[in-house]
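Chemist: Take a look at the letters that make up each chain.
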Amino acid sequence: MIGARNLILGGTLTAVFVALAILSFLWTPYDYTGVDVANRLKGPLSPGYLLGTDHFGRDILSMIMVGARTSIAVAIVAVGIGMSVGVPLGLLAASGRGGWVDEITMRGNDLVFAFPSLVIAILITAIFGPSAFNAIIAIGIFNVPVFARLTRGAALSLWQRDYILAARVAGKGPLRISVEHILPNVANLLIVQGTIQFSLGILAEAGLSYVGLGAQPPTPSWGRMLAESQTMITIAPHMALFPGLAIVLTVLGLNLMGDGLRDALDPRLRGRS
Amino acid sequence: MTLLSVSGLNLSIGTLPILHDVALTVARGQIVGVIGESGSGKSMTAYAITQLLPAGAQAQGTVTLDGHDILSADEPTMCALRGATVSMIFQEPMTALNPVKTIGDQVAEAILVHENVPRAEAMARARAALDRVELTADRFPLGRYPHEMSGGQRQRVCIAMAIALRPALLIADEPTTALDVTTQAGILTLLKRLVVEDGMGLLMITHDLAVVADMADEIHIMRAGRVVEAGPTGQVFRAMRHPYSRQLLAASGHTPDRETRAEETLLEVRDVVRDYVLPRTRLWSRPGRFRALHGVSLTLRRGESLGLVGASGCGKSTLSRAILGLEPVEAGDIHLSGVPVWAGGAVDRAVRRRMQVVFQDPYGSFNPRWRVGRLVAEPFHLLDRWPDDADDQVAQALIAVGLTPEDAAKYPHEFSGGQRQRIAIARALIIRPDLIVLDEAVSALDVSIRAQILDLLADLGGRFGLSYLFISHDLSVVRSITDRVLVMDAGRIVEEGPTEQVFDAPRHPYTKSLIDAAPRLPNGAGTDSPTPPQTLSETRAP
Amino acid sequence: MLRYTVLRLQSLILSLLVASVVIFVTVEIVPGDPASFMLGINAQPDTVAALRAELGLDQGPFTRYLAWVSGLMQGDLGTSYTYRAPVADMVGDRLWISLPLAIYALILSTAIAFPAGILAATRRGSAADIGVMGMTQLGVAIPNFWFAMIMVLIFAVNLRWFSAGGFPGWENPLHALHALTLPAIALALPQASILARVMRSALLETLDEDYIRTARAKGLTRRQVLWRHALRNAMIPVLTIIGLQFAFLIAGGIIIENVFYLPGLGRLIFQAISQRDLIVVESTVMLLVFAVIVVNFAVDLAYAVVDPRLRSAR
Chain V
1 MIGARNLILG GTLTAVFVAL AILSFLWTPY DYTGVDVANR LKGPLSPGYL LGTDHFGRDI
61 LSMIMVGART SIAVAIVAVG IGMSVGVPLG LLAASGRGGW VDEITMRGND LVFAFPSLVI
121 AILITAIFGP SAFNAIIAIG IFNVPVFARL TRGAALSLWQ RDYILAARVA GKGPLRISVE
181 HILPNVANLL IVQGTIQFSL GILAEAGLSY VGLGAQPPTP SWGRMLAESQ TMITIAPHMA
241 LFPGLAIVLT VLGLNLMGDG LRDALDPRLR GRS
Chain X
1 MTLLSVSGLN LSIGTLPILH DVALTVARGQ IVGVIGESGS GKSMTAYAIT QLLPAGAQAQ
61 GTVTLDGHDI LSADEPTMCA LRGATVSMIF QEPMTALNPV KTIGDQVAEA ILVHENVPRA
121 EAMARARAAL DRVELTADRF PLGRYPHEMS GGQRQRVCIA MAIALRPALL IADEPTTALD
181 VTTQAGILTL LKRLVVEDGM GLLMITHDLA VVADMADEIH IMRAGRVVEA GPTGQVFRAM
241 RHPYSRQLLA ASGHTPDRET RAEETLLEVR DVVRDYVLPR TRLWSRPGRF RALHGVSLTL
301 RRGESLGLVG ASGCGKSTLS RAILGLEPVE AGDIHLSGVP VWAGGAVDRA VRRRMQVVFQ
361 DPYGSFNPRW RVGRLVAEPF HLLDRWPDDA DDQVAQALIA VGLTPEDAAK YPHEFSGGQR
421 QRIAIARALI IRPDLIVLDE AVSALDVSIR AQILDLLADL GGRFGLSYLF ISHDLSVVRS
481 ITDRVLVMDA GRIVEEGPTE QVFDAPRHPY TKSLIDAAPR LPNGAGTDSP TPPQTLSETR
541 AP
Chain E
1 MLRYTVLRLQ SLILSLLVAS VVIFVTVEIV PGDPASFMLG INAQPDTVAA LRAELGLDQG
61 PFTRYLAWVS GLMQGDLGTS YTYRAPVADM VGDRLWISLP LAIYALILST AIAFPAGILA
121 ATRRGSAADI GVMGMTQLGV AIPNFWFAMI MVLIFAVNLR WFSAGGFPGW ENPLHALHAL
181 TLPAIALALP QASILARVMR SALLETLDED YIRTARAKGL TRRQVLWRHA LRNAMIPVLT
241 IIGLQFAFLI AGGIIIENVF YLPGLGRLIF QAISQRDLIV VESTVMLLVF AVIVVNFAVD
301 LAYAVVDPRL RSAR
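Which chain is which? The protein sequence lines are V, X and E, in order. The opening residue of the first sequence carries number 1 in the working numbering; numbering runs sequentially from there. The opening residue of the second sequence carries number 1 in the working numbering; numbering runs sequentially from there. The opening residue of the third sequence carries number 1 in the working numbering; numbering runs sequentially from there.
Okay, chain V solo, but in the shape it has when bound (with noise of 0.2 angstroms):
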């Protein structure tokens, strides 16, 4: 099936990248913050570098593992702030349809839709400054919609459905079902989405460090190296080439997991999208 093999390629893909950034914590080849100008810009596969150095002579590869981990703690806090509370509120919204909670919810999910997580960035750093911190704030409001938005229209299907008026008959009340009948049947639509939005929030979070909004130094962040190549790219292109294709690497597997994910959990939308 392409659906297990999409999940164990992008299973071992994303744990490849998961693994990298632990190990950074406790051994990276060098010294991420080490600059070395004696061995600056040295190319790929120089002896003692395997993905060479940086204008600074720091090591590409160590850079990249401490890369990761911001990352994957930025992506990760963004999708938990996201779903902590956009899920609830879906629910909610759901099991009060029409009403005024599910109005306002709804009416807010529009306005935060109208702005994109950039424009958020933009205006959080204008007043606190940029930081990690404020990039993870803003794709975490931005994630909040999406999660309250698929969360309810989810839950308001299954509201119609007849055990849930087998369940009020027999007393329980919107809370109760909510927590008992809707999250169970849209859990697995969370845990495809969360994948997803995992991986827009690494791209979300290079893109926003690429700009100056996101981590900042010392903290290393693939946005940033992209950053610093760019000067560089004509006589370094290698500077630029391997936290790309970190990225993309790290996107993908989780992409691709987020598909097989899918498939294994709903069978009948094997072969879609």
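Please keep in mind that the hints were generated in silico from the structure rather than gathered at the bench. No residue lacks a Cβ here, since even glycine has one placed at the ideal position from N, Cα and C. Honestly, I wouldn't trust all of these hints.
[Claimed, not checked] Calculated lysine to aspartate or glutamate pairs in the EDC-like style (CA-CA distance at most 20 angstroms, straight line): (1) X:K101 to E:D208; (2) X:K101 to E:D210; (3) V:K172 to X:D348; (4) X:K512 to X:D489.
[What the hints assert, rightly or not] Partial list, derived from the structure: chain V residues whose beta carbon lies under 10 angstroms from chain E: (5) P116; (6) L118; (7) I124; (8) G212; (9) T250.
Model the placement of chains X and E on the given structure of chain V, informed by the hints.
Modeler: Just chains X and E, lined up with the frame of chain V:
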């Protein structure tokens, strides 16, 4: 002259055999009925004739339509035949039309794909076709969109599309199953008229013996991909040879044995009014209202089985939800044994404990992620504390409905439709309620399964002293299982009385029209049976 | 249709109002005193007082909000503190780069995605389908600014087909388009990948509908069914994505402008942030949000054109 001739038709999808050696013929001007329960292969036979088979399907045998060898015809030939020589209408009129195109465009398209005529002429002919299916120009201009029409009207559009080119053969796949009885009667009359006028053959596929009984010239009864009985309609109904046919006939008119009891008043509904708020048309405007129940009153006595019949949208489901305390009412009261269901804006748990419900859809009635044991035990939530012997009680309830205690560990998808309805009944029984509301509880089941569930309900009613409120659009079912019946139309109860009396001598014109419209099995059908019919055993899902 | 339009228009105005309040509060209320925030901690008290007077900070927040909004409606976006120039003029020049870039990218993305999605859906499971899906999987994963850098390396530095950056102005439209081509491709690629996937799944979904079977029973070929019945119904989800994408294209353009040194809105915003020019940030952010909301309004109207149920149901 034979128009369609099918012989030795075998069909398989992948490695799964679907049809075995199917044979049938249709002549011009002839109506042939194909009857079978779900999975009998009746629809696949139709798709094989039009070559609209699902991917992976392989057909062998001979299908000859108007001189064309269908099974060896290439796709361009089939496209030329479909819509011009053979047309098809389907079960679900609500989804059978493209929602973004006008009905005029959709009917005219049938003409334009086959004939090289100017658009204006095609539109004029589309108009004529719509007139022929009694959708007149003043009420149904060509610019109408499907969503502006009812199910019956949409089915008429589908028929107009199918007959626009006066095909030699029309295949109707359960064309009235999704419709109310009166709408169904109108569609059936229309089809009969078109057959006479155009001299076309009609292949009518249905699960309902009664539907074909008074219109088909010949019928074929299918089971598990085979034709088990075939012949002229009158002859088949007089003397069915195959045991399955006899069982099917018996199940269609099945009346369970039941003793009639009626004691003190259990449920009393008085002058109940229910309004729905319509979606707002403007952001700041006051929302409109729709009155679903206009002062409905009824009483149900302990031990009684009360029927509530009416067309879809008449308010019967709204009434059942009001009785169950699922939705508040605007006016009137509902009492169970003298205790109001609604007290102080909330539903009394002690009252709720005494009512349970079984719904129509055996697939949507259960949380797919829960095991049967947990599902059946859910109403225990109404008790003040969870019973210590909950597992035993679940096991007993499962036994009572003809399942086994081991089934508690399974998930609902492991059961067939009929078995799921048994689980739903076990869930309703578990807290020993006084009243069970059966909301179209057997409507989605095949007739033979339906007969078993009706027997089960009759049996349980006696054993547990249950009262039933039996809500259905199906008159024959209501007739077979209720003592008294209420007829509902547009939010009002228009007639009430003992079941036999209402069915034999309806007083209200609406009741009369309902009963006249219901298709009937011929009198004395099956009386020549050599052996008495047996009940079918339900096949268990793997 | 009129009713529907009025309803959507009402919600457009409401969204704009709420968005403007959010932006105003974030920029002018949250930092406390915007004047001292803009000038930094080392500013002289009299400079701060002068800026306060210039910004009208002695007035209450509500009055200031009203003044800002009524200014916006007359095309007055305020005056930049650092450049001492009307923000409207500064934005006006830069909009002529950012907006054409977003539209160029949208056209490219649609032109790539539609055929690819249709091809994949109609030949489901074929080599073409697998190929398209594989490409889109990769396209979604590539950060557009990195893709832009790689393209600069290949097409500008090595092949010298394009210049590596800068913008020649619109005096010669062909030169201008030429300069915007690489940025537009970089912006369009991930969006085209998403759109192609949505197109494919929406088409597969509609091809499963009952009315497709009805149309086939009428004698339409698979091809006719696709073009006459499936595509238009599949457009409903596709339009949603196109609307969302325009927002991403406008925002994404800000990043891409950085790669190509294009003097667009993005450069203006980043300079304003580093110079703490809140007036510029406030008004340009409002302008971006305005664009997104208006595009979504246009998408809502497009829905109604595609789907008659929306025209009459409400």
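Chemist: Run every hint past the structure and note whether it holds.
Modeler: Taking the hints in turn, this is what the structure says about them:
no., hint, result
1, X:K101 to E:D208, "holds, 17 angstroms"
2, X:K101 to E:D210, "holds, 14 angstroms"
3, V:K172 to X:D348, "holds, 12 angstroms"
4, X:K512 to X:D489, "holds, 12 angstroms"
5, P116, "holds, 4 angstroms"
6, L118, "holds, 4 angstroms"
7, I124, "holds, 8 angstroms"
8, G212, "holds, 7 angstroms"
9, T250, "holds, 8 angstroms"
Checked against the numbered hints given earlier, this structure breaks none of them.
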